[in-house]
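Engineer: Read off the chains here:
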Amino acid sequence: MLPELKEKEARERIAKKIAADLEDGALVNLGIGIPQLIPNFMPEGVNIYLQTENGTIFAGPAVDPNDLRVIDAGGAPISVLPGGAFVSSDVSFGILRGGHIDVTVLGALQVDAEGCLANWTIPNVRTPGMGGAMDIVAGAKKVYIATRHFEKNGGSKLLEKCTLPLTGCGVVDVIVTEYCLIRNINGKMVLEEIVDGVDLLELQSKTEMQMEISPNLKIMKC
Amino acid sequence: MTDTLDIIQGCLETLSIFKQIIRSVADKMTKPFIKPIITPEEAAGKVKEGTTVMLGGFNYGGVPYTIIDALHDQGTKNIRVISVDASHCNPKVPEPVGVARLIVNKQVSSMVISHMGLNAVAQEMFSKGEIDIELNPMGTLVERIRTGGAGLGGFLTPTGVNTAYEKNRQTIEIDGKKFILERPLRADIAFIRAYKADEAGNLIYYGTGRNFNPIMATAADIVIAEVDEIVPIGEIDPNNVVTPGIFIDALVIKGGNAYAART
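In order, the protein sequences belong to chains W and F. Going left to right, the first sequence walks through residues 1 to 222 as my numbering numbers them. Going left to right, the second sequence walks through residues 223 to 485 as my numbering numbers them.
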């Protein structure tokens, strides 16, 4: 049996792993949910710079929790760091679509073997809308997906082919779940790291996405 | 000596006359550009059944709350809204905020938006077919409005290519890369929100309240800006103006809405 984790533990593990994988100095856009935990887990000496799609360049922690004049895309108060700027949405999306962001980290409903992502609607159930996600995946240099490995009912979120409407296709570079890290290498999804105590064969059999196993498969530190 | 004094005297008189001329020219030039300050009710009164209205704002920020409140109280139905999101109405924020007040009050017949994840009522109405909602990627939506205001016929974007969004949309290949052809978007009226205006309607914004507002200011027949404060001409440095007053028809001073006070 795969080790079961509490929701908080799983989410923090994913955020921590991605934080450790980011390069110093990267300009990063974070989606809502697990990605927002990443700044709390940045390793000592590694700095990332945050852009928010609603128009902050160099976003920092909130100063006054009641001040909504500077917020992130989710509506939570933030601040702008020295050297930062505010821009309008046409400029913000020019930054995102135009390849000026190094990394984006987004959540997923489904992600598949071709690097396609679905995260904006479950038709007839829930349609939050795509928001900025379609533009972001179209333009970011590197797309990380931060997601739980399985649905609540046990089904794999990592599929051979997404069944939900797509956000983008051939766009996903790295997938991090509470059990493993998978990297898109030349269009192939390669399992590079696995958490200690997780049985490789069992994880493979329960994951619908066909993964290649890296010859240098490592233990995922978390 | 007397000659020198006369010359100086003459110069000063000339200078004084010169100043008067500048003043009178400035008065004549600036008068037509002074923007009327109207009440939120007068602003809302311009919206009739079937009017297409752009509403500025992104999440809590940069929303013309005071005008939206007046529009809510006015009760006009069948409003077509263009905005970035459907604001808040969910278990965490049960009292509807901003445009959500109009949606819950069944005043909105159609919307072009990008996100409604924080409005459970809008999602429910959408799934029951009670409201016509066209979802656009956010960067596409803002660019549609920008081209609408800039006199362009549309634009090509890679956003949404090879997804279901591409269906029923024209695609064009340029140098081997596929793009979606997107069309411009305009409105009858735009209600936007800024931080400060001068009497000429020049606007500056604060923080993340800028978002769609400067873009919407260019793409509607009538543009009304809700602001925190109106200052005399000259107090906003032309170097800092984000939206020039030529786009603005009237100004409204923000009222007592709790969210207006915090943004």
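A hint or two may mislead.
[Unchecked claim] Interface residues of chain F toward chain W, partial, derived using beta-carbon atoms under 7 angstroms:
no., residue
1, 272
2, 384
3, 386
[What the hints assert, rightly or not] The calculated lysine to any residue pairs, modelled on SDA-like cross-linking and capped at a C-alpha distance of 20 angstroms, are:
no., chain 1, residue 1, chain 2, residue 2
4, W, 141, F, 400
5, W, 141, F, 383
6, W, 161, F, 350
7, F, 418, W, 85
8, F, 314, W, 126
9, F, 270, F, 294
10, F, 476, F, 259
11, F, 350, W, 67
12, W, 188, W, 209
13, F, 476, W, 141
I should point out that these hints are in silico values taken from the structure, not numbers from a laboratory. Glycine is no exception: its CB is placed at the ideal position from the N, C-alpha and C atoms.
Engineer: It remains to establish, for every hint, whether it holds in the given structure.
Structural biologist: How the hints compare with the structure:
1. 272: violated (24 angstroms)
2. 384: Cβ of residue 384 of chain F sits 4 angstroms from chain W, so the hint holds.
3. 386: With Cβ-Cβ at 4 angstroms, under 7 angstroms, it holds.
4. W:141 / F:400: This hinted pair holds, its Cα atoms lying about 18 angstroms apart.
5. W:141 / F:383: holds (17 angstroms)
6. W:161 / F:350: violated (29 angstroms)
7. F:418 / W:85: holds (18 angstroms)
8. F:314 / W:126: It holds: about 17 angstroms lies between the C-alpha atoms, which stays within 20 angstroms.
9. F:270 / F:294: Holds. Residue 270 of chain F to residue 294 of chain F sits at ~12 angstroms (cutoff 20 angstroms).
10. F:476 / F:259: Status holds; Cα separation ~11 angstroms.
11. F:350 / W:67: This hinted pair is violated, its Cα atoms lying about 36 angstroms apart.
12. W:188 / W:209: Holds - the C-alpha atoms of residue 209 of chain W and residue 188 of chain W are around 11 angstroms apart, at most 20 angstroms.
13. F:476 / W:141: Not satisfied, since the Cα-Cα distance of roughly 41 angstroms exceeds 20 angstroms.
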